[in-house]
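Assemble chain B onto chain A, guided by the hints.
As given, the protein sequences belong to chains A and B, one line each in that order. Once you know that position 30 of the first sequence is 30 in our numbering, the rest is easy, because the numbers rise by one and skip nothing. Once you know that position 236 of the second sequence is 365 in our numbering, the rest is easy, because the numbers rise by one and skip nothing.
Derived by calculation from the structure, the hints in this document are not laboratory data. Careful: at least some of the hints might be erroneous.
Quick list of in silico lysine-lysine cross-link-like pairs, DSS-like style, CA-CA up to 25 Å [what the hints assert, rightly or not]: (1) K345(B) / K48(A); (2) K345(B) / K57(A); (3) K94(A) / K275(B); (4) K4(A) / K275(B); (5) K4(A) / K345(B); (6) K172(B) / K4(A); (7) K235(B) / K312(B); (8) K118(A) / K275(B); (9) K118(A) / K345(B).
Every value quoted in this text rests on a predicted model; they were computed, and no experiment measured them.
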Amino acid sequence: MNIKIIKPDGEFFDGNGNFLEFTAVTGRMGVYDNHIPLTTILEPCVVKIHHGEVVKKAAVLGGFIEIQKDRIIILAEDANWPEDIDVARANAAKERAQARLDKKESGTDLVRAEAALKRAMARISAAGK
Amino acid sequence: MATMREIKRRRGSIQSTQQITKAMKLVSTVKLQRARMRAENAKAYFQYMYQTITSILSKAGTVNHPYVQGNTSDRVGIVTVASNRGLAGGYNANIVRLITESGFEKEKVRLYTVGKKGADGLARKGYEIVSDSSHAIEEPTFHDAKELGERLLQDFANGEIGEIYVAYTEFKNTVSHIPKMVKLLPVEATEMNDGPITLMNFEPSEEEAISLLVPKYVTSILYGAFVEAVASENGARMQAMDSATNNAEEIMNDLELKYNRARQGAITQELTEIIAGAEAIG
Numbered sequence: 001m002n003i004k005i006i007k008p009d010g011e012f013f014d015g016n017g018n019f020l021e022f023t024a025v026t027g028r029m030g031v032y033d034n035h036i037p038l039t040t041i042l043e044p045c046v047v048k049i050h051h052g053e054v055v056k057k058a059a060v061l062g063g064f065i066e067i068q069k070d071r072i073i074i075l076a077e078d079a080n081w082p083e084d085i086d087v088a089r090a091n092a093a094k095e096r097a098q099a100r101l102d103k104k105e106s107g108t109d110l111v112r113a114e115a116a117l118k119r120a121m122a123r124i125s126a127a128g129k
Numbered sequence: 130m131a132t133m134r135e136i137k138r139r140r141g142s143i144q145s146t147q148q149i150t151k152a153m154k155l156v157s158t159v160k161l162q163r164a165r166m167r168a169e170n171a172k173a174y175f176q177y178m179y180q181t182i183t184s185i186l187s188k189a190g191t192v193n194h195p196y197v198q199g200n201t202s203d204r205v206g207i208v209t210v211a212s213n214r215g216l217a218g219g220y221n222a223n224i225v226r227l228i229t230e231s232g233f234e235k236e237k238v239r240l241y242t243v244g245k246k247g248a249d250g251l252a253r254k255g256y257e258i259v260s261d262s263s264h265a266i267e268e269p270t271f272h273d274a275k276e277l278g279e280r281l282l283q284d285f286a287n288g289e290i291g292e293i294y295v296a297y298t299e300f301k302n303t304v305s306h307i308p309k310m311v312k313l314l315p316v317e318a319t320e321m322n323d324g325p326i327t328l329m330n331f332e333p334s335e336e337e338a339i340s341l342l343v344p345k346y347v348t349s350i351l352y353g354a355f356v357e358a359v360a361s362e363n364g365a366r367m368q369a370m371d372s373a374t375n376n377a378e379e380i381m382n383d384l385e386l387k388y389n390r391a392r393q394g395a396i397t398q399e400l401t402e403i404i405a406g407a408e409a410i411g
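Extracted from the complex, chain B is given alone in its bound form:
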């Protein structure tokens, strides 16, 4: 049985860990609120962007354009959006798992990582990382997304990659975050079933409109993924830290019980010794 001193020391250490996790939970709660607002504000833009792109493509399905038809390269470029900091439960591990279980051959995958932890995890698994823009996830700006988007489109145009995906964590609500892989290019025309389609005209031509719109579309999807990922990261960290705090509480209760028992044991022993000693003398 552990001595009183040992138990006391252990309690002290758990208590200070608990204070840290509690503080981290508060910090990520505040950050989550901000990140969530940003994600919600951004939503309108992406919805319209997505609608417009899909409606263009549903009407221009036969357009002969590399952004729609793809190229001959069999390599896939994947943008992974994780975080720069750990202690967020399974947040980063989920992104890593999403890639390893995606079914793509390791040799054919080119990674464009955002977020140091995700990049480290994937590099350890032996994936090739061609670019890293981890700074972007600290405070995502539209400009960062644009730079990454331009890089992707350039590699796509050069035939280095034939498909572009983005892996990020979708923010459903505070407690539910879903790791998700979305195909960016070539753009797939999805079936539109929201009523009558009004005939749309394009100026300049459809092909030119696609050349100009697709980069904007890629940028906005990336930016959307960034802001949602930040919200998810803070949500995940908040949850992780909450359960860590609760867990510490539980261990503390358990240790308190053990400590009292050890103290009682020590007193009993001392008393027995004194009585035995007195009897021996008397």
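The shape of chain A in the complex, shown without the other chains:
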């Protein structure tokens, strides 16, 4: 099946695969060929594209996925390959978000802090082994 990952500043990935792993808001999912048509929302997560023995990993930071019988389109707000991720920066972002969440002061935007934390974790885990 054809898999496309598109982000606002252009196409990120366009290629074939026979199995795709990602995390939707309802949980971790895997999709093979000939899946029923489905649209769902992505969490910031690591997307794994399996093509035969080759597995490609990418950090996809929010967006949604449209699954058709023979093609999958991911519209991502942002996406990075592991080699493009600055792990130190992601770690710093993770700590910042964690600190904001721990303080639980009134006025902190918890939703936003949590989203930032998820993004940082997705980046870190994509960059790791």
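Using the frame of chain A, we list chain B on its own:
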């Protein structure tokens, strides 16, 4: 008839103006190329985004959701995308005119302006501006669009505005830019006529999917409007500066003719005076 000195001075001033317009034209040509590439790269994303949203809504037309049904407020929020700098021909004026001729009552319009020139023009006409994010148009980022989108959705949810439009300049090609007003919310389901519709499932439910998708849709339309507007702005400026340069060229030619005529006139006069003087003596 103007004297030689006057004409010379005028020519000097026009020449330096021409140099400026020429330089500005070159700058905006380069900027246009970059902005155009960005707009083209972004296109794929918006097309899919638009398709997905419309296909969801065409299948979920009866969904009872504020983003689809709207609210009771009779005020309209309009995002105006203009530029921070002038000298771009009718670019900013067109956006202003689009709003004044939109048919909405002035008292019911709440503006969310992007671009200082457009904001100034509309404020002068007496429109109420509730927020200004002019910095976003310098170098549009997805993040800027997201912030503005969140603000809009919040006001929509609070019932401060009942409809959201975005007014921007569509970039058709280098010479053609079309001011355009697009309705963002409530989302209207457009007729889909591209073949058989495959049945789509949603996870979570359709209502939840709409709640999550619509903010993304608003953000991406705004971002798309930003990048297209930047391309249009530079295109408009390039054209304006090109015709200014040509115009200066024309005036220069005209002045050169006048200058030569004045010089010839002065020589003739001088000669007549000398001859007359010589005759008087002899």
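Quick rundown of the hints versus the structure:
no., hint, in the structure
1, K345(B) / K48(A), "23 Å, holds"
2, K345(B) / K57(A), "24 Å, holds"
3, K94(A) / K275(B), "21 Å, holds"
4, K4(A) / K275(B), "23 Å, holds"
5, K4(A) / K345(B), "18 Å, holds"
6, K172(B) / K4(A), "15 Å, holds"
7, K235(B) / K312(B), "18 Å, holds"
8, K118(A) / K275(B), "18 Å, holds"
9, K118(A) / K345(B), "18 Å, holds"
Checked against the numbered hints above, the structure violates none of them.
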